[in-house]
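In order, the protein sequences belong to chains A and B. Heads up: the first sequence begins at 497 in the numbering used here, then just goes up one per residue. Heads up: the second sequence begins at 34 in the numbering used here, then just goes up one per residue.
Keep in mind the hints are simulated off the structure, nothing from the lab. If you're wondering where the values come from, they're calculated on a predicted model, not measured in any experiment.
Beta-carbon label-pair distances, calculated as ranges:
(1) A/E611 to B/S562: 12 to 20 Å
(2) B/I623 to A/E611: 41 to 49 Å
(3) A/Q548 to B/P477: 49 to 57 Å
(4) A/E611 to B/L558: 18 to 26 Å
(5) A/I533 to B/P477: 49 to 57 Å
Backbone N, C-alpha and C define an ideal beta-carbon position, used for all residues, glycine too.
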Amino acid sequence: MNKVDENMPNTILIIEDQDDIAALVALILGGEGYTVITAPCGEEGLRQLAEQAVDLVLLDLMLPDIDGWDVCRHMRATAPLADIPILLFTVRRTQLDADWPERAMVNGIINKPFEREALLAMVQATLAEPAA
Amino acid sequence: MSTHHYTATHAEDDGPGLSLVTEVLESISDGVCLLNPEWRITYVNRCAAAYLGLAPADLIGKHLWDSYPQLIGTEIEQYLRATMATRQPRDFDMPALFNDRWQHVQLSPSPEGMVVCFRDITEQKTMAQALEASERRYRELLTHAPSAIYEIDFRSKRFITVNDTMCRLTGYTRDELLAMNPFELLDDDGRKVFQDRISAWLAGQSPDANVEYNVRAKDGHIIYAALDVTFTVDEHGQPLSTTVVGHDITQRRKIDEALRESEERYRRVVENTTAIILRVNLQGIITFANERALEFFSYTNDELIGRHAVGSIVPPRETSGRDLAVMVDQIRANPDSFHANANENMRKNGERVWIEWTNSGIYDAEGHLKEFLSVGIDATQRRWAEEALRESEAKFRLLTDMISAAIVIVQDGMIQYANPFLLQRGGYREAEVIGQPFQRVIHPDYHAMLAERYRRRLRGEPVPEHDEVEGVTSSGEHGGWYDFHSTVISYQGRPAVLITAHDITERKRMEQALLEADHAKDEFLAVLSHELQTPLTSMLGWSAEALRVGTPEMMATAMPIVHRNALRQKRLITDLLDFSRLIHHKMHLIPVPLDLGEQATEAVENIRQLAVERQLHLSYEPTSVPLPILTDPARMQQCIGNLLNNSLKFTQEGGSITVRCRRDGDHAILTVEDTGRGIPPEVLPAIFDVFRQVDRDERAGGLGLGLAVTRGIIELHDGSIRAESAGQGRGSTFTITLPLTPVDAGESTVYNNK
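Between the sequences and the hints, there should be enough to build the whole structure, so can you do that?
Here is the structure:
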């Protein structure tokens, strides 16, 4: 579900188990006018996705309950969530550099540690893209 | 016929002349009778009267036809009347009228009537008849005899007579033969032999009967003939003619030749064969031995013939212990039941040899067993070869029985042999695999690969020297890994495939372990990176944000976060360094005598605040007995602290953590028991292996290096650590066992892990 009204702030869901990082991202994006909600685990993230409209998901891969990829798969297979852009928010892993089929499920990758400006640019660019 | 000639002049003399005539007439052996024209008998001499059976006086004056009415109507009456009427003399032979004798009758007219003379010709007549019969028989014989019979005139060199058989045998007609030179029927040799026989005969020698000639028939084929020849000569002793009786002996000749050839063959076989040929009579005595037999057994004919087989060429007992005397008795009783028989034999010098015999009985015309014939082949070499083969086979078996590789011989796709290793490895009984398709022992996952390998081999394409395949057990489970190598051999005279398959299960397991270890290391590095980057992300992000905003509030918010994450990273780095020291044997302990109970108390107190914060029930059950140990206190606190921190991390609010100390013999025991999420059984054995247990669940508090480091340190104390868990969600118990310090041990010792 993309932003419908240009004047309405975009809602971004951050699924991240590290509280300090989730708080940091929320601080930065909130400061830029986005509505930010957070989930400390995959199940919680999916629950929130089911409850409210979200324009973008920032997803950590290493979650304490379910695999980040399973969150992607669930979203892509669930009609109202299938079009929500996902930005992978993860520590760079060498095996992810190789060809991995899951890459097609996400719209971009933000590597941790991240630069504030890079995060904002990526979020803005992704939200500006037409729906897939 | 002209022996006596009476004339009418004699009969006409009368007076004294008559008396002389009468005397003569009375003395001769011919009958004389005078008849007058009225057919009265006017004179009979004594011989005639004797013939007629009456005295002359009773005959004189009698009327012929009245006295001998039996003559009326016969040829004799006609002759008599004709001569009387015509006056012409006549003579004829007359069968016996009055007895069984023949008469020659001569009728001569005379002035007084007629003179009848008759003479007994019975002898003559019989001989003539016999001659005639003989002649007739001869001609019949000549014509129809199964032998060719012919006469040759030497002067004209022509046949005089030839019989039908001669024509039939030679294929010529009688006329053709009669126009031929008889000697042209013979070849040069035959003519010479014939000439020699004539010469021999003329020289008074009796020629050989039945000399054989080759006679050429009209169509060119040779008739073998035995010619029996008799000669006639002229007054000068020169041969006039010859009578030849020829017998066609072609058939006999052929039989003779066949017989001769057969005998020749037999002789050749017996003399030249490499087979040993013996004849032994019913008493077991050798009656015949061919050259080969004599040579083979090193006997002369005289030495061997007449000896009993047992003791000469047959040892009484075989090396194997078999009683050969009994065996020979059995052969003698029934040679045919020992038709094929192999046994040990003996040369003159006692050397033992093996012979394969073929025995058969020789029976007489009545079917009684006379002797037995034994034909033998020296099988010593073969027996040796067989024994060598058996030995070789035994060696092969021994080798294949002992070798720790699977060995299989496959012929026509079926297993002919499988060594014990394979059987044992797959849990097979021999009967389960022998005669079964080769696939029986290969895991189905590899059937297609092996089939392709086989097809390629059949097509002559190269096949890999080695392939890795998995076996299958008798129950169908994976039966270990094999390095599969196959080669074509000859097995029992036919091509087969010898498969040697080395058990590489251990290697495969290690490869797999290595692969897993590599994977674990990769995972470890990934997690390490994650664990290092995660606090770094917070530190960098929060500090940058604080600096950018620059407000005291922002600083106050950010600084504790930065500090907390810095501590986390420090702890991580400490664990990494400790771990690195342990695996590189660089960790040094400085142990001092301490009490384990006191150490436990200290560690428990260090985390009490945290437990309270997390609402966990932390209890410590000390022991009253002293637990003196030698330990590096900082390291011991690290170990107990790691266990307690794990329990804190994995136990939910409301759960409990219990620490106990006790003594068990020479050992001090410390246990940390929690009601936390427990450890799955499959993870439990690897819980202390750093590269193994890296998993999402275990990672929750970091790299999971803590337990690996703890174990390393405890082992440096000559102690041990173990983990127990009833399973996921059912808590865990970690137990440290350390040696108690001996009572007199007061000195400090430096432990290190070199």
